[in-house]
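Below are the chains, spelled out letter by letter.
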Amino acid sequence: MVKTRYSGQDKLLLTVGYILLGLFVVAIIVPMIYIVVASFMDPITLQNKGITFDLSKWTTTAYERVMSNSQIWIGFKNAVIYSVVFTAVSVVVTLLAAYPLSRADFKGRGFFNIIFMITMFFGGGLIPTYLVVSNLGLVDSMWAVILPGAFSVWNMTIARTYYRGIPKELREAADVDGANELTFFFKILLPVCTPVIAVLALWQFVGMWNSYFDAMIYINDSARQPLQLVLRSILIQNQPESGMISDMQSTAARAQLAELLKYATIIISSLPLLIMYPFFQKYFDSGIMAGAVKG
Amino acid sequence: MKTNSTTVPNQRQDKGFHNTMVYVKQHWQLYVIFLFPALALTLIFKYAPMSGILIAFQDYNPFRGVSGSEWVGFKHFTRFLSSPDFMGYLANTLKLSVYSLLWGFPVPIILALLLNRIQSTGIKKKVQLVLYLPNFVSVIVLCGIVRIFLSVTGPVNLLLGTDINFMTMPEAFRSIYIISGIWQGAGWASIMYTASLSNASQELKEAAVMDGANILQQIKVVEWPAIKDMVVIQFILQAGNIMSIGFEKAYALQTDLNLPASEIISTYVYRKGLIDGDYSFSTAVGLFNTVINVILLVAVNKIVAKMNDGQGL
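Protein sequences appear in the order of chains A and B.
Using the working numbering, the first residue of the first sequence is number 14, and each one after it goes up by one.
Using the working numbering, the first residue of the second sequence is number 146, and each one after it goes up by one.
These are computed hints drawn from the structure, not numbers from a lab.
Beta carbons: idealized from backbone N, C-alpha and C, even for Gly.
Incorrect hints may have been included.
[Said to hold, decoys possible] Ranges between beta-carbon positions, derived for each pair:
#, chain 1, residue 1, chain 2, residue 2, range
1, A, N61, B, S227, 44 to 54 Å
2, A, A268, B, V217, 22 to 32 Å
3, A, S83, B, L382, 34 to 44 Å
4, B, E348, A, Y31, 21 to 31 Å
5, A, Q252, B, T307, 20 to 30 Å
6, B, G218, A, Q294, 20 to 30 Å
[Claimed, not checked] Each computed DSS-like pair below joins lysine-lysine, with the alpha-carbon atoms no more than 30 Å apart:
#, chain 1, residue 1, chain 2, residue 2
7, A, K295, A, K90
8, B, K269, A, K120
9, B, K365, B, K271
10, A, K24, B, K220
11, B, K160, B, K240
12, A, K24, B, K394
13, B, K220, B, K240
14, B, K270, B, K350
15, A, K200, A, K120
16, B, K447, B, K373
17, B, K160, A, K24
18, B, K271, A, K295
19, B, K269, A, K24
20, A, K295, B, K447
21, A, K295, B, K394
22, A, K120, A, K90
23, A, K90, A, K200
24, A, K90, A, K181
25, A, K295, B, K269
26, B, K394, A, K90
27, B, K394, B, K240
28, B, K160, A, K181
Please work from the sequences and hints to get the whole structure.
This is the structure in structure tokens:
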């Protein structure tokens with residue numbers, strides 16, 4: 014690192030810059046703190062005064078009500094299943110396909126590349142895709158959410174770029190040992206690709222966990238809805254599960270309670286990913302550079 | 146001579162074909178085990194729907210199928226292209242994505258340049274941790290937060306002492322969309338620039354500092370060259386995707402009253418197709434959108450290639 018001495022003008026520029034950066038950080042943290050605190054308020058205080066830091070007035074009613082609701086847990090369970098299966102299928106298919114396409118001697122490479130690349134720019138669109146999925150009988154099945162997006166051409170190019178960076182000597186050593194393609198791929202190539210595998214898995218997992226569109230159009234059965242669809246009815250459509258608020262006498266009290274429950278719902282549903290994320294942070298930089306530069 | 150000149154290429158072709166067959170036989174695993182799953186998924190879920198585009202030129206009836214439905218040519222295209230509603234949605238789509246791009250594009254670059262100036266790695270890591278955090282909040286939760294914060298009884302109104310219903314105002318929709326987008330995505334998008342900046346030449350930086358270059362001059366000769374390629378790539382990708390601006394967030398921020406600004410092509414395609422069941426019309430709109438998108442992508446790539454000494458994507 015170079016020792017830097019800044020001139021007066023530079024100092025001003027830097028100060029303004031850091032203030033802006035600081036404001037950005039504050040703009041992220043303050044709403045998050047507000048939501049956490051608000052989730053412990055009682056509904057009437059929340060509506061009239063917003064939040065208070067007076068701990069004696071805090072209550073966990075909202076959490077008890079949200080957590081006693083079965084639909085949230087069904088949503089969690091389905092989200093875990095969908096995300097895990099989707100990540101597994103997607104990463105395996107993507108890593109496999111990237112291998113032949115990474116080899117200069119692979120015959121048909123250009124042809125298959127074009128087949129895959131076209132789909133990045135051109136597609137059938139919503140209705141034709143919906144009709145294909147529904148003709149396959151996949152409506153209300155988890156495979157409707159998992160299979161159509163399982164192979165990502167973009168992720169494949171990232172894996173391919175990564176493979177190409179692996180020293181040729183590894184391959185040659187395997188050839189001498191007479192290892193076949195499968196042995197080479199699983200025993201030698203994949204073990205040295207863990208950073209890119211981790212990043213692809215993380216992207217796919219987070220992507221599936223947080224999305225709702227495919228589930229909204231393909232899954233009607235409420236027992237199979239993933240978390241985001243359950244959240245959508247509570248947060249966006251203002252339809253909390255009736256059991257959560259039905260014991261309240263007046264409409265006004267129900268509305269106040271419904272508003273409070275939103276805060277607790279946000280916390281409960283977002284916590285798992287937000288807690289997991291710092292543990293994966295180290296993979297981000299390495300993985301993103303693996304493919305983001307050149308496709 | 147004449148026979149020679151015709152037979153030699155033929156032999157060569159035969160030999161080439163023969164070689165290919167030998168190669169495929171030797172390396173069958175590459176095709177059957179490695180490539181096949183991806184190819185099957187692509188053919189079923191990407192190419193089969195492409196043939197379904199035919200229904201844009203029909204009055205498609207799900208019970209009769211493509212072969213039994215009546216062909217109507219460009220009827221659906223003329224229908225939406227001549228409708229003022231559609232032109233409004235097209236304008237909404239373009240405004241939303243162009244403004245998102247113009248406001249949102251520079252933010253991650255500035256964030257990365259500022260992060261790069263922070264000398265203490267401890268502080269830098271903590272700031273990054275916070276900046277990346279909103280990326281892990283789902284679209285639904287983000288829009289849920291926006292809705293409760295901006296509701297009549299929400300904290301923003303409590304703070305301002307007003308009772309404005311922002312979510313019902315068409316004129317507020319784009320600002321809400323863009324600001325929340327920057328809040329959620331800018332930190333995460335800065336990763337790529339941060340990573341590119343780590344490749345900036347240290348010698349060049351030292352030389353620039355020795356020569357007494359100020360910060361802006363340093364950025365020009367040291368940092369900008371390191372991130373320029375990334376900036377170009379990101380710009381092409383985002384500008385090329387102007388027409389395919391996401392469904393999920395716009396739909397989750399829609400209310401009946403802000404529709405004049407919030408109805409964009411993707412939400413319109415969904416509404417017409419899956420809610421109203423007008424399959425052919427919806428497919429026609431979707432196809433129009435895709436074609437414009439492809440044209441845009443090619444055009445942007447050409448323009449950038451011209452500006453960037455012949456190097457596009």
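**Prompt:** Looking back at the numbered hints, which does the structure fail to meet, lowest number first?
**Reply:** Numbers 2, 6, 8, 10, 11, 12, 17, 20, 22, 23 and 24 - these are the hints that the structure violates, sorted from lowest upward.
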